[in-house]
Amino acid sequence: MARVEALIEQVYRERYIGFRNALAPLVGGRDAAHDVVQEAFARALRDSRKLRRKGSVTPWVWRIAFRIALRERGRLSEDELPDDLMILDPERDPALAAAVRCLPPKRRLVLFLALLRRLQLRRDR
Amino acid sequence: MTNADGLLAVRFAATRDGHDDRDWDDVLQRANAQTVTMHRRRLALVAAAVLLAIALPTLALSASVRGLFGLGRPPRPEYRQARLAVSAPIPGGRVARVWVAPSTTGGTCEFVTIDPAGRNRHPVRMTGGGGCTLGHARFHGQLSWSFSRGRRDTPIVHGRVGANLHAARVELRWHGGVQQLAYSGGYFVAASPALKDPPFRRLPYDIVVYNTDGRIAAQSRIPTSFLYLDWKRFQPRLHRFRIAHRCSASLVWHCKSR
Chain A
120 MARVEALIEQ VYRERYIGFR NALAPLVGGR DAAHDVVQEA FARALRDSRK LRRKGSVTPW
180 VWRIAFRIAL RERGRLSEDE LPDDLMILDP ERDPALAAAV RCLPPKRRLV LFLALLRRLQ
240 LRRDR
Chain B
-10 MTNADGLLAV RFAATRDGHD DRDWDDVLQR ANAQTVTMHR RRLALVAAAV LLAIALPTLA
50 LSASVRGLFG LGRPPRPEYR QARLAVSAPI PGGRVARVWV APSTTGGTCE FVTIDPAGRN
110 RHPVRMTGGG GCTLGHARFH GQLSWSFSRG RRDTPIVHGR VGANLHAARV ELRWHGGVQQ
170 LAYSGGYFVA ASPALKDPPF RRLPYDIVVY NTDGRIAAQS RIPTSFLYLD WKRFQPRLHR
230 FRIAHRCSAS LVWHCKSR
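One line per chain: the protein sequences are A and B, in this order.
When you line the first sequence up against the working numbering, it's residues 120 to 244, in that order.
When you line the second sequence up against the working numbering, it's residues -10 to 247, in that order.
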């Protein structure tokens, strides 16, 4: 058990920023995303016995975080994903923000899930 | 496709925030609080079934809670060596006392007793919640807290503050209000009616530690779900409240009106 908890802590230390940044567009801000990630890792610690393979800690915690984020958005399931995703600070890259706005909701979602999760899965530097 | 992915990834990466606000101690505290809350709910159900709720002053932690962690023989306080850390009057002519004692396994225990005011006896059991570290471990972390409540009782919040924070006072803060908590030597306690099924307009609640310079040294958010005994009933109402007051759809409370 202690081994799993150590793994979870390691994932936290390596992936926290990526998780937070990936979820921030979904929950509407970095502070909110911080809370979601904190809560997700707390639940992971609490439910660490449910982890079946130690090698899958990162995607497991990510799924927990993602579900919490969806719940915070008032969505009930992953079938009701939000359609208004946007990069957090559009002024940082107005062209990118405009391009994202032009996408149909589902494509916008696919874009965010693919790109932001890819960023989230990279280790924090 | 690959090049486009790469270009987009770079553009998205540039919008990222590298600010590092990791706080593992906060994660540990939340995990512990979640476990305690789940067990309290179980206790509440059992208590209702056997009509023991009337007799229980608070939903106290017991050895079985520590059993949730898989420990065969959980550490217990060495009550005879308990030291009073801080106390505060609570409704009903009673007093809540926070005690610190070595544990039976060489660690440390922190626990609360609830007694009639004026009775100053040495503790013989936890009557207001508490816990012990595992094995020889000491408490660590900058700020930890817990609160206990029953359907009939005023919630009692208590906790400890790391010595490195040089804390001068601890407050419970909510939207539009604040309550000073009794604080002494790194420990705090208070009865707080404000924590019992509060009106949504008061959310969120934080425990805030101020240092000797008057600055905030540590702060911890009390998860909203902890504040409502029947959270499943309150959650949809809170959702409607957030929509009605145009609150941000997040854990952080920014409402246009309330």
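Don't take each hint at face value.
Example chain A residues on the side facing chain B (calculated, C-beta under 8 Å, incomplete) [claimed, not checked]: (1) L126; (2) Y131; (3) R132; (4) E133; (5) Y135; (6) H153; (7) D154; (8) Q157; (9) E158; (10) F160; (11) A161; (12) L164; (13) R165.
Treat the hints as calculated values from the structure; they're not laboratory data.
A virtual CB, placed ideally from N, CA and C, is assigned to each residue, including glycine.
* **chain B contact restraint on E158(A) - CB to CB distance below 8 Å** => This hint holds: E158(A) lies near chain B, its Cβ roughly 6 Å from the closest one there, short of 8 Å.
* Have a go at the Q157(A) hint: is there a Cβ in chain B nearer than 8 Å to its own Cβ? => The hint holds - Q157(A) has a Cβ within 8 Å of chain B, the shortest such distance being about 6 Å.
* So, F160(A) near chain B? Judge it on the closest CB pair being under 8 Å. => holds, 5 Å
* To do: Let me know if the C-beta of E133(A) comes in closer than 8 Å to any C-beta of chain B, holds or violated.
  => Given a least distance of 10 Å, the restraint on E133(A) is violated.
* Should the hint that R132(A) touches chain B count as held when the rule is a Cβ pair under 8 Å? -> Nearest chain B Cβ about 7 Å off; hint holds.
* Taking the closest Cβ pair, is R165(A) under 8 Å from chain B? -> Hint holds; R165(A) Cβ to chain B Cβ min 5 Å, cut 8 Å.
* To do: Using 8 Å as the Cβ threshold, decide whether D154(A) counts as touching chain B.
  => holds, 4 Å
* Asked: At a threshold of 8 Å, is the proposed contact between Y135(A) and chain B supported by beta-carbon distances?
  -> holds, 5 Å
* Asked: Holds or violated: is the Cβ of L164(A) closer than 8 Å to a Cβ in chain B?
  -> holds, 4 Å
* **Supplied contact hint for H153(A), tested at 8 Å Cβ to chain B** => holds, 6 Å
* Asked: Taking the least C-beta to C-beta distance, is Y131(A) closer than 8 Å to chain B?
  -> holds, 6 Å
* Asked: Does L126(A) pass the interface check with chain B, least Cβ-Cβ distance below 8 Å?
  -> violated, 13 Å
When held up to the earlier numbered hints, the structure conflicts with 1 and 4 and fits the remainder.
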